[in-house]
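Enquirer: Sequence:
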Amino acid sequence: MVTYDCNCKDITITEGIFGEIYAESAEDKIPRYDSKEYYEDVENEGLRLMPVKSYTMINKNRLEITVISWGATIVSLKYPDKFGCVADVVLGFDDLKSYTNPKINPFIGCILGRCANRIRDSSIVIKGKTYELTKNDLGKHHLHGGTKGFGRRLWESRIDSCSVVMTYLSKDGEEGYPGAVLSTVRFRLMPDNMLEIGIRATTTNSTIVNISHGSLFNLAGHDAGKKELMKHKISLNCDRWTFADYTDSIPTGSIRGVGGTIMDLRVPKFLESYIVNLRKLQVPPGEGYDHNFCVTPNWHGGNAYVAQAVHPKSGRVLEIYSNQPGVQFYTGGRLCNTSETGSNPAAAYDSPNHEEEYEEEKTTDNMEQDVAPEGESQEFISGKQGARYVKHCAFSIQPQNYPNAINYSHFPCSILRPGEVYCHDLIYKFDIQLANYM
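Numbering-wise (this note's numbering), the sequence shown opens with residue 1 and increments by one.
Every clue listed holds true.
The calculated lysine-lysine pairs, modelled on PhoX-like cross-linking and capped at a C-alpha distance of 25 Å, are:
id, residue 1, residue 2
1, K9, K78
2, K384, K78
3, K233, K82
4, K127, K171
5, K129, K140
6, K60, K78
7, K269, K82
These are calculated hints, taken from the structure and not from any lab test.
Go ahead and model the full structure; you've got the sequences and the hints to work with.
Expert: Now the structure itself:
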């Protein structure tokens with residue numbers, strides 16, 4: 001374990017080893033030995049064990065963030081609440097084995113790419129040529145770069161001054177994509193509690209690139225569960241969204257206003273109002289939010305304010321900024337295999353006339369009566385420190401291009417060409433709210 005003090009003297013970075021994994025490439029095979037003690041299993045025989053590095057960044061405000069080189073994943077994010085009590089606010093696992101198991105880990109905390117979100121029917125056309133991508137969503141769609149996307153690869157990593165830099169070379173044809181893509185992610189913790197994530201990519205051939213980050217947050221603590229998530233107030237700086245049919249979250253190509261619909265999150269609202277009583281509010285498709293919104297851009301360009309999440313009880317506040325045109329808002333409805341259905345989900349999903357819908361205001365005292373006991377569902381993911389991650393126990397706000405943009409000419413272009421540089425600047429800003437002003 002090696003500790004570095006960055007030049008600004010306000011940040012400490014500690015490098016360690018999170019675990020080891022067998023190399024995926026035949027080029028990394030080691031010479032075969034006669035003794036079987038060199039191999040833990042026949043399947044990985046002759047492959048070199050590669051270290052998965054960890055990097056812990058700490059500033060003087062006790063904000064502590066740990067990232068690992070497997071999937072450029074944020075495995076821990078700790079900071080104090082308004083009472084000074086420190087908690088880890090991102091979902092994750094204790095061991096590398098869980099992170100590398102796709103049956104356990106549904107892209108938690110990792111980089112999402114080569115193309116984040118979904119591509120309908122896993123098919124893209126570039127320069128008149130059709131490419132078939134890996135079908136890893138419902139057996140027909142392409143999700144987050146495929147079964148072995150960027151979040152399920154080992155990245156080269158190093159400390160560069162006050163930053164942690166990770167690099168991955170995606171080979172031509174990987175998961176069906178054309179072109180070799182070199183991607184770099186730079187994590188930089190700032191003294192003012194901002195985590196800057198700078199994402200860059202270049203390609204050898206025209207391809208699609210749309211990279212985001214998939215951290216799942218619960219500002220009450222990663223193990224606080226559904227009950228505390230319902231007490232978060234969320235607001236999105238979005239007045240439009242990419243319409244999706246209530247039976248399918250992939251955009252249809254239509255862009256609609258959020259006014260008068262349940263997609264209007266411009267004013268901070270408790271999540272409980274929309275997720276707990278799904279039958280009453282008819283939130284489709286019965287899994288809470290997993291939809292893309294159109295970010296209102298800055299008039300001067302550059303990074304725009306995307307969203308804010310507040311947990312009034314702890315006082316923790318998260319603000320997100322990005323230079324991407326869209327943002328996927330996800331409330332963890334697909335974390336487990338349980339399902340909830342409404343009677344007529346299409347009714348409240350999108351108001352054709354955009355008429356205002358008013359709802360009864362609720363206090364946090366009333367919310368607890370509406371929250372179903374967490375023991376009701378037996379479905380959960382075993383997380384770090386013995387936590388049980390159930391449906392709707394965390395949220396994710398993922399700035400990115402519009403989903404399925406390659407198949408709609410009026411969506412922002414997702415094609416990256418040789419000689420161009422893909423740039424995504426993502427900022428998480430962590431703060432404390434001492435009083436309940438919102």
